[in-house]
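Sequence lines, in order, name chains A and B.
If you use my numbering, the first sequence corresponds to residues 1483 to 1766, in order.
If you use my numbering, the second sequence corresponds to residues 5 to 317, in order.
The reader is advised that the hints may include incorrect statements.
No farther apart than 20 Å at their CA atoms in a straight line, the calculated lysine to aspartate or glutamate pairs in the EDC-like style are these [said to hold, decoys possible]:
#1 K1626(A) to E123(B)
#2 K16(B) to E311(B)
#3 K1644(A) to E1732(A)
#4 K96(B) to D112(B)
#5 K261(B) to E126(B)
#6 K1541(A) to E280(B)
#7 K313(B) to D283(B)
#8 K1749(A) to D1695(A)
#9 K1703(A) to E280(B)
#10 K1566(A) to E301(B)
#11 K1644(A) to E301(B)
#12 K1626(A) to E301(B)
#13 K110(B) to E126(B)
#14 K1541(A) to D283(B)
#15 K99(B) to E123(B)
#16 K261(B) to E22(B)
#17 K1566(A) to E311(B)
#18 K99(B) to D117(B)
#19 K261(B) to E301(B)
#20 K1644(A) to D283(B)
#21 K1581(A) to D1553(A)
#22 K1626(A) to E1558(A)
#23 K85(B) to D48(B)
#24 K32(B) to E1735(A)
#25 K1725(A) to E1735(A)
#26 K1626(A) to D303(B)
Since the hints were made in silico from the structure, they are not lab data.
Small disclaimer: the values here were computed from a predicted structure and weren't measured.
Below are the chains, spelled out letter by letter.
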Amino acid sequence: MANLKTGDKKTKAQSMGMHTEVLTGKTQQKFFNPDEAENFFYWGTYDVDFNKRTELDVKNMECKEANNKIDSLMSEGYGTIVIKNPQGKHSLGVGILNKLNLIFEGSLGYFGAGSIDGPMVRVNGRVGWSCAENMMAGKVVIEKNAGSCFGAAIRGGDLVCKGSVGARTGIDQKGGTIIIGGDAGAFTGFMMQRGRIIILGDVGINLGDSMYDGTIYIGGKIGSFGSDAVESPMTKDDMDWLKRKLKVAEIGENFDVSKMTKVVSGKKLWNYDALEPTEKKGAI
Amino acid sequence: MCGIAGLIHRGKSSNVGEELQSMLQALKHRGPDSTGYALYANNDGQNFILRFKVGENVGEGSSSVNEDESVYNERKKTVDKKLSELGAIVVKDEKLTPYSYRYEMKFDKDLMDFSKAIESIESVEILSIGKSLELIKDLGDATAVSERYGLNKVQGTHGIGHARMATESGVDIKSAHPFWGYPFADVSVVHNGQLTNYWNNRRLLENKGMRFMSECDSELIAVFLAERMRNGASLEEGMKESLSGLDGVFTYFVATKDSLGMAKDTMAAKPLVLYESDDLVAMGSEEIAIRSILPQEIDTYDPFDGEVKVWQT
Chain A
1483 MANLKTGDKK
1493 TKAQSMGMHT
1503 EVLTGKTQQK
1513 FFNPDEAENF
1523 FYWGTYDVDF
1533 NKRTELDVKN
1543 MECKEANNKI
1553 DSLMSEGYGT
1563 IVIKNPQGKH
1573 SLGVGILNKL
1583 NLIFEGSLGY
1593 FGAGSIDGPM
1603 VRVNGRVGWS
1613 CAENMMAGKV
1623 VIEKNAGSCF
1633 GAAIRGGDLV
1643 CKGSVGARTG
1653 IDQKGGTIII
1663 GGDAGAFTGF
1673 MMQRGRIIIL
1683 GDVGINLGDS
1693 MYDGTIYIGG
1703 KIGSFGSDAV
1713 ESPMTKDDMD
1723 WLKRKLKVAE
1733 IGENFDVSKM
1743 TKVVSGKKLW
1753 NYDALEPTEK
1763 KGAI
Chain B
5 MCGIAGLIHR
15 GKSSNVGEEL
25 QSMLQALKHR
35 GPDSTGYALY
45 ANNDGQNFIL
55 RFKVGENVGE
65 GSSSVNEDES
75 VYNERKKTVD
85 KKLSELGAIV
95 VKDEKLTPYS
105 YRYEMKFDKD
115 LMDFSKAIES
125 IESVEILSIG
135 KSLELIKDLG
145 DATAVSERYG
155 LNKVQGTHGI
165 GHARMATESG
175 VDIKSAHPFW
185 GYPFADVSVV
195 HNGQLTNYWN
205 NRRLLENKGM
215 RFMSECDSEL
225 IAVFLAERMR
235 NGASLEEGMK
245 ESLSGLDGVF
255 TYFVATKDSL
265 GMAKDTMAAK
275 PLVLYESDDL
285 VAMGSEEIAI
295 RSILPQEIDT
305 YDPFDGEVKV
315 WQT
């Protein structure tokens, strides 16, 4: 079982720029107290071997049974798990706090790969609403289309959809990068607070509505801007980063990023960065 | 939260009753209170199919008041008498449950006057009139309703259905979906969502002579579309007008004798997954509804906000 020792090193979340403020009370910060590091285990993590591969047919399984089976296979050291016949079932591949290659040979329903921290997930199909919700780290690649609320409230990692996505993509996003190869629906980036969204195609109405912070890059047409979302000049850094990111994401490698529109928060509605740390907690 | 499903075969018929049953049963978790079907069957097209109820199912969970079956029988006799007075010739009548009937009849006069006359009888509601539409709704899940009415053998081209979780009105048949597009033959509607300008619209439409049978907000969509079509709009035009005329969150399906349409509100707040091929369109609130009839890997997508689509058989 992997042992997450803290010591003087920053936690993963701290090194990614999150949890910068000192939190009090019963929080994860207290849980990560370096004095208790020797006794601390990151629950639900296993030492896995990526070369150890297996297949799991979930055709006749409920989602709970399938998720328990994935956990059981990780505990046996399997680092590459191929899921057969997901057939649009909900909540598959959720809560995985581990390095893992997880491949779905088919489409997922709602909440697929939600609340994950670390795995590489590939879906050779489509996903329903709220895919990868609350993802902390890792990479999720969807080969076809995705439903609404794609990447809701993610904190980190890369979330890629090669097709088109529904409404409210990246709603309440707090970090990480969402990359869409096709079009996106209304309210993309709604109330986002951190992170980046890249849409190579068109977006619907109310783009970036009420966004606190973060950056949205649009390659196609914009239906309309939401409240407090404003256009910002593209810089060389933006373009260099976009080229690198699109290459890693396996889409749009030859896309002309210089023609993209960059959208940020006007910070008229709520000047988030002017707040004291304790106020930030209250605001969230 | 409710579940809706619909499918249309293009250029051929299929066992739409069984297919829609599978799709709605997969959505049972979204709405366990009642289930409704609007099936467009391979009838001969000569006679009208009249489906009506004379009372409510007062089974477990029902919000209706219990009535003696003899009351239902008396109402049925009154309906028969009224039909005769209106000039309708009943060529076949079936008693499906103590409270619901299916008649085949010959009739060539105004359907609105006809409907008003029949529904003037206490507690009698016309569920549907059409030459291919078979509209069935009752308490229970998709399988229970299908078995009660023998729907799993219905051959046809298309259909829409609804699994209802009652929120704004009672658990009874009159509030269940689909809703007939009174007074248009063969028009039906199912809806997932909430409409927030129901009462304003209802008052306006009632002043224009339209009728509401329930206090379910979803009925407004059927009446709204019917009123637009009555004034000359096509189905698709009426649906596009509904995007601004109806306030709230909604995804709805509407079907006519040879078409199936969907509309999604401008905030895309309610789910819909769509599969489209050359010979079949299938759609539902969740992908598992479509997978219940197409288990193989298929390409599906979510229609965008404010999208309206109509397909022909």
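Do the hints match the structure? See the list:
{"no.": "1", "hint": "K1626(A) to E123(B)", "verdict": "50 Å, violated"}
{"no.": "2", "hint": "K16(B) to E311(B)", "verdict": "26 Å, violated"}
{"no.": "3", "hint": "K1644(A) to E1732(A)", "verdict": "9 Å, holds"}
{"no.": "4", "hint": "K96(B) to D112(B)", "verdict": "17 Å, holds"}
{"no.": "5", "hint": "K261(B) to E126(B)", "verdict": "30 Å, violated"}
{"no.": "6", "hint": "K1541(A) to E280(B)", "verdict": "24 Å, violated"}
{"no.": "7", "hint": "K313(B) to D283(B)", "verdict": "16 Å, holds"}
{"no.": "8", "hint": "K1749(A) to D1695(A)", "verdict": "8 Å, holds"}
{"no.": "9", "hint": "K1703(A) to E280(B)", "verdict": "25 Å, violated"}
{"no.": "10", "hint": "K1566(A) to E301(B)", "verdict": "11 Å, holds"}
{"no.": "11", "hint": "K1644(A) to E301(B)", "verdict": "17 Å, holds"}
{"no.": "12", "hint": "K1626(A) to E301(B)", "verdict": "11 Å, holds"}
{"no.": "13", "hint": "K110(B) to E126(B)", "verdict": "24 Å, violated"}
{"no.": "14", "hint": "K1541(A) to D283(B)", "verdict": "27 Å, violated"}
{"no.": "15", "hint": "K99(B) to E123(B)", "verdict": "18 Å, holds"}
{"no.": "16", "hint": "K261(B) to E22(B)", "verdict": "19 Å, holds"}
{"no.": "17", "hint": "K1566(A) to E311(B)", "verdict": "33 Å, violated"}
{"no.": "18", "hint": "K99(B) to D117(B)", "verdict": "24 Å, violated"}
{"no.": "19", "hint": "K261(B) to E301(B)", "verdict": "30 Å, violated"}
{"no.": "20", "hint": "K1644(A) to D283(B)", "verdict": "26 Å, violated"}
{"no.": "21", "hint": "K1581(A) to D1553(A)", "verdict": "12 Å, holds"}
{"no.": "22", "hint": "K1626(A) to E1558(A)", "verdict": "31 Å, violated"}
{"no.": "23", "hint": "K85(B) to D48(B)", "verdict": "26 Å, violated"}
{"no.": "24", "hint": "K32(B) to E1735(A)", "verdict": "44 Å, violated"}
{"no.": "25", "hint": "K1725(A) to E1735(A)", "verdict": "7 Å, holds"}
{"no.": "26", "hint": "K1626(A) to D303(B)", "verdict": "8 Å, holds"}
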